[in-house]
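Chains A and B, in that order, give the protein sequences. Residues in the first sequence are numbered from 1 upward in steps of one, following the working numbering. Residues in the second sequence are numbered from 306 upward in steps of one, following the working numbering.
Calculated directly from the structure, the hints in this document are not laboratory data. By construction, the Cβ of each residue, glycine as well, lies at the ideal position given by its N, Cα and C atoms. Please note that the accuracy of each hint is not assured.
[Claimed, not checked] Computed cross-link-like contacts, EDC-like style, restricted to lysine to aspartate or glutamate with a CA-CA straight-line distance of at most 16 Å:
1. B:K448 / A:E197
2. B:K448 / A:E196
3. A:K81 / B:E402
[What the hints assert, rightly or not] Away from chain B, derived, C-beta distances all over 12 Å, residues of chain A:
4. R12
5. K16
6. S31
7. S35
8. G60
9. S85
10. R111
11. A113
12. R148
13. H175
14. V194
15. A217
16. G242
17. L251
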Amino acid sequence: MEMKNRSIVSIRDFSKDEIEQIVDKSLEVKSGKYSGALEGKVLATLFFEPSTRTRLSFEGAMVAMGGRVIGFADPNISSTKKGESLADTIKTVTGYCDVIVMRHHIEGAARLASQVASVPVINAGDGANQHPTQTFLDLVTIKEELGRLEELRVGLMGDLKYGRTVHSLAVALSHFHTNFVFISPPSLRMPADVKEELKEAGIKFHEVTEAEQSPEAMDVLYVTRIQKERFADFQEYEKVAGVYRLTPNSLSGPCKNAKIMHPLPRVDEISEEMDSSPNAIYFRQAHNGIPTRQTLLGLVTGAIQ
Amino acid sequence: MTTPEARKVYAIDSGTVIDHIPSPLALKVVDILGVSQKGILTVGINFPSEKLGKKDIVKVENLKLTPQITDRVAIVAPTATINIIEKGKVVEKRPIEVPRELRDILRCPNPNCVTNIEQVPTHFVREGRKKNFSVRCVYCERKYNNPGELI
Numbered sequence: 001m002e003m004k005n006r007s008i009v010s011i012r013d014f015s016k017d018e019i020e021q022i023v024d025k026s027l028e029v030k031s032g033k034y035s036g037a038l039e040g041k042v043l044a045t046l047f048f049e050p051s052t053r054t055r056l057s058f059e060g061a062m063v064a065m066g067g068r069v070i071g072f073a074d075p076n077i078s079s080t081k082k083g084e085s086l087a088d089t090i091k092t093v094t095g096y097c098d099v100i101v102m103r104h105h106i107e108g109a110a111r112l113a114s115q116v117a118s119v120p121v122i123n124a125g126d127g128a129n130q131h132p133t134q135t136f137l138d139l140v141t142i143k144e145e146l147g148r149l150e151e152l153r154v155g156l157m158g159d160l161k162y163g164r165t166v167h168s169l170a171v172a173l174s175h176f177h178t179n180f181v182f183i184s185p186p187s188l189r190m191p192a193d194v195k196e197e198l199k200e201a202g203i204k205f206h207e208v209t210e211a212e213q214s215p216e217a218m219d220v221l222y223v224t225r226i227q228k229e230r231f232a233d234f235q236e237y238e239k240v241a242g243v244y245r246l247t248p249n250s251l252s253g254p255c256k257n258a259k260i261m262h263p264l265p266r267v268d269e270i271s272e273e274m275d276s277s278p279n280a281i282y283f284r285q286a287h288n289g290i291p292t293r294q295t296l297l298g299l300v301t302g303a304i305q
Numbered sequence: 306m307t308t309p310e311a312r313k314v315y316a317i318d319s320g321t322v323i324d325h326i327p328s329p330l331a332l333k334v335v336d337i338l339g340v341s342q343k344g345i346l347t348v349g350i351n352f353p354s355e356k357l358g359k360k361d362i363v364k365v366e367n368l369k370l371t372p373q374i375t376d377r378v379a380i381v382a383p384t385a386t387i388n389i390i391e392k393g394k395v396v397e398k399r400p401i402e403v404p405r406e407l408r409d410i411l412r413c414p415n416p417n418c419v420t421n422i423e424q425v426p427t428h429f430v431r432e433g434r435k436k437n438f439s440v441r442c443v444y445c446e447r448k449y450n451n452p453g454e455l456i
């Protein structure tokens with residue numbers, strides 16, 4: 001697979017074949033096949049918006065594979081505060097490193113960065129738009145736990161309106177004949193354009209308000225947090241806050257054998273008692289961020305073929 | 306040959322007739338062409354049409370449509386046809402086509418899109434059928450079903 005110098009901006013940029021190859025390669029990396037492959041490579045992490053866990057996951061991934069990291073985690077110390085354009089910041093940093101990882105609150109910032117940088121850019125989140133490495137690690141976890149990506153029955157539960165994670169995951173899984181169940185309060189349903197895209201890809205989905213209403217058993221139940229910060233009106237948030245709470249008792253009916261995933265952080269949508277259940281795979285999912293990001297860093301720098 | 310509709314809205318000797326504009330979008334097309342044209346610009350609204358039920362026509366004297374303007378007209382009125390008139394006769398009749406890539410033509414209505422914040426020309430990609438299409442911003446990836454409103 002030739003991905004040297006390719007930027008990773010959006011899951012939409014990847015074909016089914018490419019997604020499968022990246023997932024399989026990530027599982028190889030996890031098994032220790034490419035240890036030390038990033039030796040001599042420099043990663044610049046540009047976090048114009050704070051995100052501790054994503055940044056630590058990228059930095060940990062780079063260091064554990066022999067690479068080095070430069071960058072900033074506080075946008076207040078970057079030159080954008082002095083009025084520098086994003087393009088100029090990127091054109092400068094591109095001379096200091098072999099790969100850039102960037103998070104920005106502006107949607108499309110990563111696409112713009114990838115157009116002006118002479119090194120590959122990995123999008124670590126651009127506003128409400130994309131966070132492709134999260135999608136890849138979700139897919140790696142599903143493949144690892146269930147042995148396949150094809151023809152799975154996947155429930156997406158929680159904030160399906162604003163949650164970019166579930167939008168990207170739905171788009172990615174649409175390559176694999178997934179049967180979806182969308183579980184959300186009526187006010188937080190999956191947006192029409194995502195549903196339209198799934199229909200065009202011939203993907204079946206049901207929309208319900210409770211997990212028990214799922215018409216069939218689920219292989220995966222992907223839970224998301226209802227994000228307080230997305231609501232302009234606090235009363236609207238209060239109406240839906242705490243509407244879902246998974247406990248070990250929830251693992252019955254269509255959820256009985258479902259693997260429970262969550263992009264984290266969780267608030268109260270999954271109880272702590274659930275953590276010891278064999279169905280709970282959300283911490284293993286978070287840990288898969290390391291081999292998945294190592295794979296992507298390795299592929300785009302040419303350190304992994 | 307001059308059509309009866311064309312005669313009703315002031316026959317021109319040379320210029321461009323934009324026909325089969327869905328009603329009532331003629332004025333939107335005029336907006337795109339700009340009213341500071343050198344020649345006379347006439348507008349006909351609500352002509353009967355077999356294909357569209359009702360259609361509008363815009364005629365402009367001494368106008369050559371640039372590709373940039375043709376693309377913009379296509380977005381507002383994808384059913385439109387363009388007739389080039391010379392010496393009072395239609396010398397060329399062509400449908401207009403919405404290009405797959407639309408660069409620096411539309412504006413993205415998402416206030417948090419990088420094209421509204423940094424100095425970067427907009428870029429959209431057409432999705433769906435040519436006569437019934439939507440556009441997706443290459444930057445913020447939002448999809449819009451009424452591209453005519455983004456001009």
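Legend entry - Hints not upheld, ascending by number: Those not satisfied are hints 3, 4, 9, 10, 11 and 14.
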